[in-house]
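Enquirer: As given, the protein sequences belong to chains A and B, one line each in that order. Each residue of the first sequence is one higher than the one before, starting from 1 at the first, in the numbering used here. Each residue of the second sequence is one higher than the one before, starting from 1 at the first, in the numbering used here.
Think of the hints as simulated: they come from the structure by calculation, not from any bench. There may be inaccurate statements among the hints.
As the list makes no split between identical chains, a pair holds if one copy fits it or if it spans any two.
[Unchecked claim] Think about it this way: if two alpha-carbon atoms lie no more than 25 Å apart in a straight line, the pair counts; the simulated BS3-like pairs of lysine-lysine are:
1) K59 - K2
2) K318 - K342
3) K59 - K45
4) K208 - K78
5) K242 - K208
6) K59 - K242
7) K219 - K191
8) K180 - K45
9) K208 - K45
10) K273 - K45
11) K208 - K191
12) K191 - K78
13) K59 - K342
14) K313 - K342
15) K157 - K219
Note that this is a predicted model, so its numbers are computed, not measured.
2 protein chains.
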Amino acid sequence: MKAEIITIGDELLIGQTVNTNAAWMGAELSRIGFNITRTTTIPDKREDILRLLTDVTGKVEVVLITGGLGPTSDDITKQTLCEFFETTLITNQEVLGMIELMVQRRNQHLNENNRRQADVPASCRVLYNATGTAPGMWFEKEGTIFISMPGVPLEMKYIMTEHVLPELKKRFSSNIIIHKNLMTYGTFEAKLAEMLTGFEAQLPSHIKLAYLPSLGVIKLRLTGTGRNRAQLSRDMENQVRKLYKEIPQYIYGEDEVSIEEAVGRLLRDRGLKVCTAESCTGGRISQMITSVPGSSAYYRGSVIAYDNSIKVKLLGVKESTLIANGAVSRETAEEMASGALKLFGCDFAVAVTGIAGPDGGSSGKPVGTVWISVASADKITSENHQFINDRNTNIRRFAIAALNMLRLRIPGQ
Amino acid sequence: MKAEIITIGDELLIGQTVNTNAAWMGAELSRIGFNITRTTTIPDKREDILRLLTDVTGKVEVVLITGGLGPTSDDITKQTLCEFFETTLITNQEVLGMIELMVQRRNQHLNENNRRQADVPASCRVLYNATGTAPGMWFEKEGTIFISMPGVPLEMKYIMTEHVLPELKKRFSSNIIIHKNLMTYGTFEAKLAEMLTGFEAQLPSHIKLAYLPSLGVIKLRLTGTGRNRAQLSRDMENQVRKLYKEIPQYIYGEDEVSIEEAVGRLLRDRGLKVCTAESCTGGRISQMITSVPGSSAYYRGSVIAYDNSIKVKLLGVKESTLIANGAVSRETAEEMASGALKLFGCDFAVAVTGIAGPDGGSSGKPVGTVWISVASADKITSENHQFINDRNTNIRRFAIAALNMLRLRIPGQ
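Take these sequences, add in the hints, and give me the full structure.
Expert: Below, the structure written as structure tokens:
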């Protein structure tokens, strides 16, 4: 089962946009058992598009195409697809209706450019797009399926998730592949691999383990392949159980769960409330917590005390503490956490103060230094970490470390 | 002057690694006047590599190749290059010396894998690599230059910067390409295209305009091609000036500047301070503002009043306002902004309250509804927007809209 990916657009060729679409589509196709044989990026040029479409026809089962579907004159994919599939553009009334609705909601009038988005090749199956005005298109020719989608990542992902992946799964389902992820935090990849040497050695040949690290979170992905779904599920469950036994202290969740989702579930299930007091993370922790739907059930709010005077005024940090220990210190972090706990009236308060960089470091407290405190009515705990990344990566690592510290403080796990 | 990019590696095809190398090389080649005609990613497979090399020979001036040069058995690029250029591997003593030095520095012993890295095709020019053990290789065949480099971004960039780009600049200095981006916010692509119909019609044939939309921000990219740099620069400046005249209200910056950077520059230059009061955006605005290095010069902090009681307690929103108008209303947004302005003692306060979804909408206030207020000592302004995206996209769009509203309020632009 082979697939190719074609991404169209000068912005990709000249490197103004990094091709994250190709990576995302490659990962998704590979997950459902496709072998990605090639990814090609070409400009919005009729001859290049035609040449490549001709080249892939009959050679692979599926070709995913993104880009070149905008309403402007530099977007020529749709016309070129018509030429290749020997068909013409017709107005699709359903798409037109959806576009009219979208334009109305934005309090705009339908113009010629909007209207053109509803023109689709007569021979294609239209893949409706609830996230934008350009629909996806499904064609078939000489045993190859061609799917054309807009290049806006959000819209491509919508069409893939809603239409393309379910349909491909239905059509191509001989070999069964089961993935299971365990999410870990708190150690390094090399260390984890060392701890799991014995586990890896006993894995049966049809189950593989992969380490996928990102910002301190390491996703352990087990991939099982087989022909009998029930048997394969049992084998996988068996290995997952073993993995839990090997490294219980590092596993915080399964599948694609993020630390903020894992924390959110624990808080919600126990009816606990949390607040934050952020300095160097500048709202990142709050933003992560509230990115989870339903977070209002357990999150009350935050004081972003970016300026030291705000730490004093709103959180009750003592001037003398700041003078004696500096803003980046255990003492300041603990006073921020206690202050937030009182101010918001929560079960837990998380406070973070550190140096994200690029400036502001010193030899004693280099860029990447952070103090994190978690306060509850009866206890306050603090941790000091040292990261060595750029500003925005440091901020994200501080925030993840803080959320993990909160997670470990939640009782009854 | 045409160039192609070939990246080799399964990790790229299955999306475990995003292809940032292709973007970086595309940007660098384009900067020195090359037209990137295609980027292709293929697996570490002899036949695929040979087929593609044959396909590009004689068609473009330069082919950059990365990946497949590691010491392990799945890396077969070097052997395949030997086959394609009809040559054999010989040990390069200088490379071997450099590898020995590198291995010594790491307190390791030279092993067979290290030693093999010093074997290079006899017919290539070796491009020394001070950042790793695999050297780059330069070949020429039928008018096409082929450059093979390791896939590790740091090593590829070193070889490109030290050897490849200076040499290419020397050899090909005829065609010049200049890109210029204007960043816009506040309207839709289709609408913008309509406003710019006249502008597009008058563009000379050597200057092209492209629309690159993302979350409400539309980047307008002008690309000019020519042989005389000074003349082309003047032509481009002339068109940029015209574009400013056509849509002054929508342009917020040039090149790759984000809205938070543009706002930050304006605030810093004028010595103004800002704070925020966020509800549904949950810290996203604060996080965006503080993602910019040096933001502490103009940003004091925020109250994230996720819970309504916090709006009352910390921001001084009246209970009666919440009861009469609801939390998502002009009145609540304005009281949040006024409250934050007083609390933080800033020149501007930005407040946002809305419904990000997926739940919490009603027929009068559907998901995607937001009220934004910007307060200063003498004036408070408010806007209502309606978006139609998923939770986290809505949050980002609310935040961008709020930052743009703040931008338009900053005096003396």
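Enquirer: Each hint: holds or not?
Expert: Here is how each hint holds up against the structure:
no.: 1; hint: K59 - K2; in the structure: within (8 Å within a copy, 28 Å between copies)
no.: 2; hint: K318 - K342; in the structure: both (15 Å within a copy, 21 Å between copies)
no.: 3; hint: K59 - K45; in the structure: both (22 Å within a copy, 17 Å between copies)
no.: 4; hint: K208 - K78; in the structure: between (40 Å within a copy, 20 Å between copies)
no.: 5; hint: K242 - K208; in the structure: within (14 Å within a copy, 59 Å between copies)
no.: 6; hint: K59 - K242; in the structure: neither (37 Å within a copy, 48 Å between copies)
no.: 7; hint: K219 - K191; in the structure: within (14 Å within a copy, 44 Å between copies)
no.: 8; hint: K180 - K45; in the structure: between (39 Å within a copy, 21 Å between copies)
no.: 9; hint: K208 - K45; in the structure: between (38 Å within a copy, 14 Å between copies)
no.: 10; hint: K273 - K45; in the structure: neither (56 Å within a copy, 48 Å between copies)
no.: 11; hint: K208 - K191; in the structure: within (19 Å within a copy, 51 Å between copies)
no.: 12; hint: K191 - K78; in the structure: between (51 Å within a copy, 20 Å between copies)
no.: 13; hint: K59 - K342; in the structure: neither (66 Å within a copy, 67 Å between copies)
no.: 14; hint: K313 - K342; in the structure: both (14 Å within a copy, 12 Å between copies)
no.: 15; hint: K157 - K219; in the structure: both (22 Å within a copy, 21 Å between copies)
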